[in-house]
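Enquirer: Taken in sequence, the protein lines are chains A and B. Sequential numbering of the first sequence, starting at 1, is according to full-length UniProt numbering. Sequential numbering of the second sequence, starting at 1, is according to full-length UniProt numbering.
No lab work stands behind these hints: they were computed from the structure. Note that the coordinates shown come from a computational prediction; the quantities given were computed from them, not determined experimentally. Incorrect hints may have been included.
Incomplete in silico selection of chain B near chain A, CB under 8 Å [unchecked claim]:
#, residue
1, G64
2, L84
3, G88
4, T95
Just a few of them, taken from the derived set where beta-carbon distance is under 7 Å, the chain B residues facing chain A [claimed, not checked]:
#, residue
5, S89
6, M189
7, L194
8, G195
Glycine included, each C-beta is placed from N, C-alpha and C at the ideal position.
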Amino acid sequence: MQPAQPAEDWPDQIYALLKEHGIRQVALVPDAGHSRLIKRCLADNDMQVVTLTTEEEGIGMLFGAWLGGEKGVLLMQSSGVGNCINMLSVPIAHRTPCPMIVTMRGDYGEFNPFQVPMGNATQAVLEAMGTLVKRADTPEDVAPTVNATLRMAFNTYRPTATLIGQRVIGAKTFGK
Amino acid sequence: MIETGASGKLARRSVVQALLQDRGDLLVIGGLGAPAWDITAAGDDPRNLPLWGGMGGAAVMGLGLALAQPTRPVLVITGDGEMLMGVGSLATIATKQPRNLSILVLDNEHYGETGMQETATRHGVDLAGMAKAAGIADSRRVTTAEEVLALRAAIRAGAGPLFAQIKVDEKSEPLALPPREASILQARMREAILGPAAHLQ
Numbered sequence: 001m002q003p004a005q006p007a008e009d010w011p012d013q014i015y016a017l018l019k020e021h022g023i024r025q026v027a028l029v030p031d032a033g034h035s036r037l038i039k040r041c042l043a044d045n046d047m048q049v050v051t052l053t054t055e056e057e058g059i060g061m062l063f064g065a066w067l068g069g070e071k072g073v074l075l076m077q078s079s080g081v082g083n084c085i086n087m088l089s090v091p092i093a094h095r096t097p098c099p100m101i102v103t104m105r106g107d108y109g110e111f112n113p114f115q116v117p118m119g120n121a122t123q124a125v126l127e128a129m130g131t132l133v134k135r136a137d138t139p140e141d142v143a144p145t146v147n148a149t150l151r152m153a154f155n156t157y158r159p160t161a162t163l164i165g166q167r168v169i170g171a172k173t174f175g176k
Numbered sequence: 001m002i003e004t005g006a007s008g009k010l011a012r013r014s015v016v017q018a019l020l021q022d023r024g025d026l027l028v029i030g031g032l033g034a035p036a037w038d039i040t041a042a043g044d045d046p047r048n049l050p051l052w053g054g055m056g057g058a059a060v061m062g063l064g065l066a067l068a069q070p071t072r073p074v075l076v077i078t079g080d081g082e083m084l085m086g087v088g089s090l091a092t093i094a095t096k097q098p099r100n101l102s103i104l105v106l107d108n109e110h111y112g113e114t115g116m117q118e119t120a121t122r123h124g125v126d127l128a129g130m131a132k133a134a135g136i137a138d139s140r141r142v143t144t145a146e147e148v149l150a151l152r153a154a155i156r157a158g159a160g161p162l163f164a165q166i167k168v169d170e171k172s173e174p175l176a177l178p179p180r181e182a183s184i185l186q187a188r189m190r191e192a193i194l195g196p197a198a199h200l201q
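Can you build the whole structure from these sequences, using the hints too?
Expert: Here is the structure:
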């Protein structure tokens, strides 16, 4: 039996899941919570990493990827979910996979007032737009939840999201 | 035959017809509104993905498709209003420099589906200049039939990324509606690209 990976290795566990699911396109607007995963993806020659100007581009890009037979994933911070709302009509109307992995701000111990409105609304907004949303609030929960999100997107053809809670990532405190 | 409208500017349907003639492997994404009707008027085809929504997303959808199918030419045909909404995607596309991606804007300087309100290009915004500044070196402004024919050759040459702002007459053309059930639109394109295996992925 293999020893269990330390729970704090959850970004590496996500990377391993992206490989297992054959993800070839990684669309993202950076977030500190995703920085380790982004480094792993950038180091992988079999992945096209595309840094977007706004998160809604990722919804369109993943749709184009699927048209061409490739699987993609969108990485973003919770504030970016607000930039995606209308574009989610594309995978819904076309019935195409659109998995999203969202690191939360404005969620648990937030310091920045501007992060709270969207952080508090992230799950409700995604669900209002027909996205299947699952939360991971402990490091141990991250990999199984992301796995479920990828499986449900590619097996049932719809937008899905894992929200990785701020309790997992740690709140940015600016020294306060 | 490439025609001009009452204004003396290019007639959009004749431009699209000419660009899609003998299209070979060409995969086409049509931005919502008139461009989707234009590609349909040229002949509805499984290799066409006419959009009924997702305004601002057409160009970056082309990027995802071009990256997934690097040996096939991918052509996005959209309108000035749609391109302006997603103009940041020109920067995103430029960072990847996909050789097989061309983005054409049929620029009539108006929002044609909503009552012909003016867009920013009516006030001089230079989309081709923005694309060039973003890093799409081959960015053109097209105003003549000869330039359309040169563009057609360039799309097929695979030396992209390529961007063209085609100034067209503002006249609205009769509706030419593609299927509205979008799951059919994506599935037929996937099958055209990937064969029956598309439905077992």
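Enquirer: Each of the hints needs a verdict: does it hold here or not?
Expert: How the hints compare with the structure:
Using the Cβ-Cβ criterion of 8 Å, the hint placing G64(B) at the interface with chain A is satisfied: the shortest such distance is roughly 3 Å. Taken as an interface hint, L84(B) does not check out: its beta carbon lies about 14 Å from the nearest beta carbon of chain A, beyond 8 Å. Hint status for G88(B) relative to chain A: holds, with the closest Cβ pair at about 3 Å, below 8 Å. Annotation: interface hint on T95(B) holds; nearest CB of chain A at approximately 7 Å, less than 8 Å.
Of the supplied interface hints, the one on S89(B) holds, with its beta-carbon coming within about 5 Å of a beta-carbon of chain A, less than 7 Å. Interface hint at M189(B): satisfied, since its Cβ lies 5 Å from the closest Cβ of chain A, which is below the 7 Å cut-off. Here the hint on L194(B) is kept, as its CB sits about 5 Å from the closest CB of chain A, short of 7 Å. Violation of the interface hint for G195(B) is found here, the shortest Cβ-Cβ separation to chain A being roughly 10 Å, above the 7 Å cut-off.
Hint violations for this structure: numbers 2 and 8, all remaining hints satisfied.
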